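For the record, the sequence lines run as chains D and U.
Oh and the first sequence: position 12 is 12 in our numbering, straight run, nothing missing.
So our numbering is basically just the index in the second sequence, starting at one, shifted up by 175.
Think of the hints as simulated: they come from the structure by calculation, not from any bench.
If you're wondering where the values come from, they're calculated on a predicted model, not measured in any experiment.
Please note that the accuracy of each hint is not assured.
Stated by the list, open to error - FRET-style restraints, in silico, Cβ to Cβ:
#1 136(D) / 236(U): 19 to 25 Å
#2 489(U) / 45(D): 22 to 28 Å
#3 52(D) / 310(U): 35 to 41 Å
#4 153(D) / 215(U): 32 to 38 Å
#5 123(D) / 328(U): 49 to 55 Å
#6 521(U) / 121(D): 20 to 26 Å
#7 384(U) / 150(D): 36 to 42 Å
#8 136(D) / 489(U): 50 to 56 Å
#9 150(D) / 544(U): 54 to 60 Å
#10 310(U) / 138(D): 26 to 32 Å
#11 231(U) / 173(D): 34 to 40 Å
#12 175(D) / 547(U): 29 to 35 Å
#13 306(U) / 141(D): 51 to 57 Å
Stated by the list, open to error - Listing some non-contacts, in silico: residues in chain D with all C-beta distances to chain U over 12 Å:
#14 40
#15 42
#16 59
#17 72
#18 73
#19 100
#20 135
#21 156
Just so it is clear, CB atoms sit at the ideal spot from N, CA and C, and this is done for glycine as well.
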Amino acid sequence: MAMNNDLAKIQGRAWLFGSDISTDMLSPGQYVHHPMEERLKHVLESARPEFASQVRPGDIVVAGPNFGCGSSRESAPQHLKDLGVAAVVADSLARIFARNAIAIGLVAIACPTLSEVVEDGDIIDVDVISGRVSISARNTTLDADSIPEPMIDVLRHGGIEPMLSLIGAEQAQDD
Amino acid sequence: MKKSHRKEAQIGGKAGYKVEDAVSFTDINNAAKSSVPQSGQQTVAEEILARASGRDRVNPGEYVIAEVDAMMMHDIFAADVLSMLQRAGIRRLNDPSKVTVVFDHMVPSPSVSSSAHQAKARELVKYYGIDAFFEIGRGICHQVMVEENRVAPGQLVIGTDSHTTTYGALGVASSGIGSTEMAYSLATGKLWFRVPESIAIVLDGEFQLGVTAKDLILNLMKVVGSSEAQYRSVEFGGPSVGKLDLADRMTVANMGVEMGAKFTIFPEGPITTLRQDARYFASHNVSLDKLVPQVAVPHHVENVVDVGDVVGVPLDQVFIGSCTNGRLGDLRLAADVLRGKHIAKGVRLIVTPASATVMAAAAEEGIIEDLVAAGAYVGGPGCGPCFGGHMGLLAPGERCLGTHNRNFQGRMGSGEAEIYLGSPLTAAASALAGVIADPREIMDGSSNAPAGASISSSGR
Numbered sequence: 001m002a003m004n005n006d007l008a009k010i011q012g013r014a015w016l017f018g019s020d021i022s023t024d025m026l027s028p029g030q031y032v033h034h035p036m037e038e039r040l041k042h043v044l045e046s047a048r049p050e051f052a053s054q055v056r057p058g059d060i061v062v063a064g065p066n067f068g069c070g071s072s073r074e075s076a077p078q079h080l081k082d083l084g085v086a087a088v089v090a091d092s093l094a095r096i097f098a099r100n101a102i103a104i105g106l107v108a109i110a111c112p113t114l115s116e117v118v119e120d121g122d123i124i125d126v127d128v129i130s131g132r133v134s135i136s137a138r139n140t141t142l143d144a145d146s147i148p149e150p151m152i153d154v155l156r157h158g159g160i161e162p163m164l165s166l167i168g169a170e171q172a173q174d175d
Numbered sequence: 176m177k178k179s180h181r182k183e184a185q186i187g188g189k190a191g192y193k194v195e196d197a198v199s200f201t202d203i204n205n206a207a208k209s210s211v212p213q214s215g216q217q218t219v220a221e222e223i224l225a226r227a228s229g230r231d232r233v234n235p236g237e238y239v240i241a242e243v244d245a246m247m248m249h250d251i252f253a254a255d256v257l258s259m260l261q262r263a264g265i266r267r268l269n270d271p272s273k274v275t276v277v278f279d280h281m282v283p284s285p286s287v288s289s290s291a292h293q294a295k296a297r298e299l300v301k302y303y304g305i306d307a308f309f310e311i312g313r314g315i316c317h318q319v320m321v322e323e324n325r326v327a328p329g330q331l332v333i334g335t336d337s338h339t340t341t342y343g344a345l346g347v348a349s350s351g352i353g354s355t356e357m358a359y360s361l362a363t364g365k366l367w368f369r370v371p372e373s374i375a376i377v378l379d380g381e382f383q384l385g386v387t388a389k390d391l392i393l394n395l396m397k398v399v400g401s402s403e404a405q406y407r408s409v410e411f412g413g414p415s416v417g418k419l420d421l422a423d424r425m426t427v428a429n430m431g432v433e434m435g436a437k438f439t440i441f442p443e444g445p446i447t448t449l450r451q452d453a454r455y456f457a458s459h460n461v462s463l464d465k466l467v468p469q470v471a472v473p474h475h476v477e478n479v480v481d482v483g484d485v486v487g488v489p490l491d492q493v494f495i496g497s498c499t500n501g502r503l504g505d506l507r508l509a510a511d512v513l514r515g516k517h518i519a520k521g522v523r524l525i526v527t528p529a530s531a532t533v534m535a536a537a538a539e540e541g542i543i544e545d546l547v548a549a550g551a552y553v554g555g556p557g558c559g560p561c562f563g564g565h566m567g568l569l570a571p572g573e574r575c576l577g578t579h580n581r582n583f584q585g586r587m588g589s590g591e592a593e594i595y596l597g598s599p600l601t602a603a604a605s606a607l608a609g610v611i612a613d614p615r616e617i618m619d620g621s622s623n624a625p626a627g628a629s630i631s632s633s634g635r
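Please model the entire structure based on the sequences and the hints provided.
Structural data, given as structure tokens:
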């Protein structure tokens, strides 16, 4: 997992979604033990059937309120990361989804009213450090919620898993 | 905040409780934004997070690193979490005695890949010395945690399941997290938390005939919705809170997460008033007298209507069970409606008890026999069809009413199926009719009619 040092400069093409996009839509329960390749084909298919096949690395998911509502399944943000999504920016994020996204090293940030401004396919710029989202085509810059320092640190490490390896190494030294 | 509710929020002066003493909207908002330590009482969430992070007090909006009292994992995530620890070279958990693992979702395993996943989890549970491991057949994780005393009032508890809020029924601050955060917490014993603002729900009055705790939480979904409570702690009080037994409180706390809540807490002990000096972000009063049976309609839990608005909608399947409504009292209510009758042609009824304890008690009482005689498929203890994993999946165009907690598109099989949510009474009445039915209509004047929601008297 690569270190992400460009948290201030994330640029990508927006995929626009509505409100209440659930973890069941992101990661349908019926495919939970299917091979990963198969599972990725069904990401968000009930909202936008073309998403999984047409999303490109570096694209940004933009959505209305309550993105990621539902279960605690971490496959929801992980599938987006595996499809190459660079960031999720929603009017608001469901609590567990927001935590899980950061934990696996996927940028997820809330930016109230963004989904009302962005049009599908717009190029948007996300600055996680200063908490700003810009859509140059719309001449608009919006304030996003700030991400607390401990979580920025997790994002810089590329997620919690690389941090756990450091703890593992310490335990090995102690033994 | 919805205006219609503000009106209701002005009731609440009964039994010495004055909501206006406890809550002033502007003052609370200002206080919540202040970083200066406040004096006065803390909400239950604040008190628990302060204790767990070694502080005298904490303020909403602060981030704290807290010591976690108990951790729970189920079969869907246990293998992932423990494998991640193994990959990272973690040789021992911070404290294996705090950890509980319950196999409840894919049980019994429906596929070879699922079996392999579970076998891996069993191997690692042993490797990491987790003694509190409950095999398939014991029951749904949240029910088992309570039955086995793996949680206690005042604790801070996490689980790899969103319905971990259920333990709030016991005065626990508990919340669902993902597998990576669980791995971190198992290794370190700690996790970071944002101190939530708190919302007070003040209950008064009594449930009317045919109305249950499920109707209360569905009504809260309608009135409070799923945005106001996001990241917040929902705390219950008021003169009628004592009228909800443990099972009722578990039903309500369970679905708190559908409101977006981080915690859903019924304060420990015989507390019928909320902490009068504590800072609540908002307060809502609910008069139980005014509630009627509620139904959530597709495809979101906050799309709640009075049962009368959907009576007659044809059904293919009815489900009674889950961590929301699979307890003894729930099965008893259903059996009271179904006893001596048969479900309608063209509808199938699936019942799964929440635990082995529930199932044994229901068998002893004759409830299982009544349900089977009425035409129900009664499965073993576990999550059953609720999460759309492996049983009772819906075909495109099919319609199900269940007592579970989510009706999102694609939750129980096909994305073109429809899911409605209601109480065990509504579910049983609907199974009899083959269409969504108002349970009060068949309960009025019937000799074996339940005397209202308070018929359930046990938390087990």
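Please write out, lowest number first, the hints stated earlier that are contradicted by the structure. Numbers 1, 6, 7, 10, 12, 15, 17, 18 and 19, in rising order.
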